[in-house]
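Order-wise, the sequence lines are chains A and B. Numbering that gives the first Met the number 0 puts the first residue of the first sequence at 0, with every later residue one more than the last. Numbering that gives the first Met the number 0 puts the first residue of the second sequence at 0, with every later residue one more than the last.
These are computed hints drawn from the structure, not numbers from a lab. Computed from a predicted structure; not experimentally measured. Incorrect hints may have been included.
Quick list of simulated restraints, FRET-style, between CB atoms [to be verified]:
id: 1; chain 1: A; residue 1: MET72; chain 2: B; residue 2: THR259; range: 57 to 63 Å
id: 2; chain 1: B; residue 1: LEU87; chain 2: A; residue 2: ASN166; range: 21 to 27 Å
id: 3; chain 1: A; residue 1: ALA176; chain 2: B; residue 2: ALA66; range: 55 to 61 Å
id: 4; chain 1: A; residue 1: VAL75; chain 2: B; residue 2: ARG62; range: 36 to 42 Å
With a cut-off of at most 27 Å between alpha-carbon atoms, the simulated BS3-like pairs for lysine-lysine come out as follows [said to hold, decoys possible]:
id: 5; chain 1: A; residue 1: LYS202; chain 2: A; residue 2: LYS125
id: 6; chain 1: A; residue 1: LYS202; chain 2: B; residue 2: LYS10
id: 7; chain 1: A; residue 1: LYS125; chain 2: B; residue 2: LYS10
id: 8; chain 1: B; residue 1: LYS146; chain 2: B; residue 2: LYS210
id: 9; chain 1: B; residue 1: LYS10; chain 2: B; residue 2: LYS123
id: 10; chain 1: B; residue 1: LYS178; chain 2: B; residue 2: LYS123
id: 11; chain 1: B; residue 1: LYS14; chain 2: B; residue 2: LYS2
id: 12; chain 1: B; residue 1: LYS268; chain 2: B; residue 2: LYS216
id: 13; chain 1: B; residue 1: LYS14; chain 2: B; residue 2: LYS31
id: 14; chain 1: B; residue 1: LYS210; chain 2: A; residue 2: LYS167
id: 15; chain 1: A; residue 1: LYS167; chain 2: B; residue 2: LYS31
id: 16; chain 1: B; residue 1: LYS123; chain 2: B; residue 2: LYS146
Glycine included, every Cβ here is placed at the ideal spot set by N, Cα and C.
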Amino acid sequence: MAAAAATAATKGNGGGGGRAGAGEASGTRKKKGPGPLATAYLVIYNVVMTAGLRFNLKGIVPSSVVLTSFQVMSRVFIIWAVTHSVKEVQSEDSVLLFVIAWTITEIIRYSFYTFSLLNHLPYLIKWARYTLFIVLYPMGVSGELLTMYAALPFVRQAGLYSISLPNKYNFSFDYYAFLILIMISYIPIFPQLYFHMIHQRRKVLSHTEEHKKFE
Amino acid sequence: MCKHVEILDAKTREKLCFLDKVEPQATIAEIKNLFTKSQGKSLKDEDVLQKLPVGTTATFYFRDLGAQISWVTVFLTEYAGPLFIYLLFYFRVPFIYGHKYDFTSSRHTVVHLACICHSFHYVKRLLETLFVHRFSHGTMPLRNIFKNCTYYWGFAAWMAYYINHPLYTPPSYGAQQVKLALAIFVICQLGNFSIHMALRDLRPAGSKTRKIPYPTKNPFTWLFLLVSCPNYTYEVGSWIGFAIMTQCLPVALFSLVGFTQMTIWAKGKHRSYLKEFRDYPPLRMPIIPFLL
């Protein structure tokens, strides 16, 4: 799926041309990774698939709607509100880090869903889905945090998405402070999600073990 | 020949329900139905044992609601907060704005007016909680007080910060805008109070009876002709008035969030009115005449 999205990005020059152009124009710098447009495709794909599959999956996979929406929202935020908005950050290694982590995770996850729906799920896929996250999840989170951290000075400098007093709507917003708050929020949230997955792993993989015993 | 069916909890294996007199031809769906019906709806304190639809042995299902706190306590706490907090900002208590502004006063009339309106609103709410409202339930879950206070106190601080800020910008259309907004605010405050009084008079002291509210001689209550919950309608109106008066985006956002919540409550109330009373006036909408 990631491969398909990447080719689409390099071919697509019509409507998405502006964005793709901006990404590739920073071409003198060695740009690594699929680029923002490809990742955008991935995210939209993610959103649509999640929404569509949610119904089907309710019975098959105990996939929490709240957790999945949370994950989708945070990904959309990292892509659009950080990586896309702060061009200088797009060539950072941290972007590569989370894109790779997400890509591998998604390939496994959607294979898992597909095979489950076809009622032919190889144990390897199930194992991969419930084991690789142990490395991929912290990897993705590190990539996200490092990217946000890298974006901070540019946000401060450009006053990105920020509005200060006085103004006629008597409102102010400091995007720099907002980003810092988001980064801090990872501290309580990440362990919860991580241990939820560990708990799921124990439930799902030991369940399969029992089944295999009785075969 | 009838069969007996015993339903146990899958995890704890404890007996959940015992159904006697089940037809052998009954489907699982029908048995499921009997089970949920046998759990029944929650009983009221006033119900009499003899009048309940039970056999020779009455089985009561006990549900632990968790730690509770009285509605009055919650209301008093959640309303006292904004009253106090707003005044901290109004008087520009140290450490909020720069030190050169400590204890200074705004030069804009509208800022003083806003403080009066905001404070009046919460004083009114406190007094109504103490002397007007008659609550159906005595208590609510304890965690609600933390949730509610965060909401009220948080928003109060956020709004107050901007309205009382040294760099506050008064409304674009000046005194005209402020006068119009003040009129809206005052009318809606009177309206809201009138509805609260009308609702109180529907229910005798100490009782928990529910009746359809109708317009009274007070013109403010004539809104009952068009909505089930005019108290919420007036409340939204008050905050819209306050938002126009202060021309402050956080106030508008607070109004929006409040409106969303009150619409949910109004729709729920409207639905339960319709369920309980066959002759409920059909013209009424939950919160916005003809629309919502």
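Results for each hint:
{"no.": "1", "hint": "A/MET72 / B/THR259: 57 to 63 Å", "in the structure": "violated (19 Å)"}
{"no.": "2", "hint": "B/LEU87 / A/ASN166: 21 to 27 Å", "in the structure": "holds (24 Å)"}
{"no.": "3", "hint": "A/ALA176 / B/ALA66: 55 to 61 Å", "in the structure": "violated (35 Å)"}
{"no.": "4", "hint": "A/VAL75 / B/ARG62: 36 to 42 Å", "in the structure": "holds (40 Å)"}
{"no.": "5", "hint": "A/LYS202 / A/LYS125", "in the structure": "holds (12 Å)"}
{"no.": "6", "hint": "A/LYS202 / B/LYS10", "in the structure": "holds (15 Å)"}
{"no.": "7", "hint": "A/LYS125 / B/LYS10", "in the structure": "holds (26 Å)"}
{"no.": "8", "hint": "B/LYS146 / B/LYS210", "in the structure": "violated (31 Å)"}
{"no.": "9", "hint": "B/LYS10 / B/LYS123", "in the structure": "violated (51 Å)"}
{"no.": "10", "hint": "B/LYS178 / B/LYS123", "in the structure": "holds (21 Å)"}
{"no.": "11", "hint": "B/LYS14 / B/LYS2", "in the structure": "holds (17 Å)"}
{"no.": "12", "hint": "B/LYS268 / B/LYS216", "in the structure": "holds (24 Å)"}
{"no.": "13", "hint": "B/LYS14 / B/LYS31", "in the structure": "holds (15 Å)"}
{"no.": "14", "hint": "B/LYS210 / A/LYS167", "in the structure": "violated (47 Å)"}
{"no.": "15", "hint": "A/LYS167 / B/LYS31", "in the structure": "violated (61 Å)"}
{"no.": "16", "hint": "B/LYS123 / B/LYS146", "in the structure": "holds (22 Å)"}
In terms of the numbered hints stated before, the structure departs from hints 1, 3, 8, 9, 14, 15, listed from lowest to highest.
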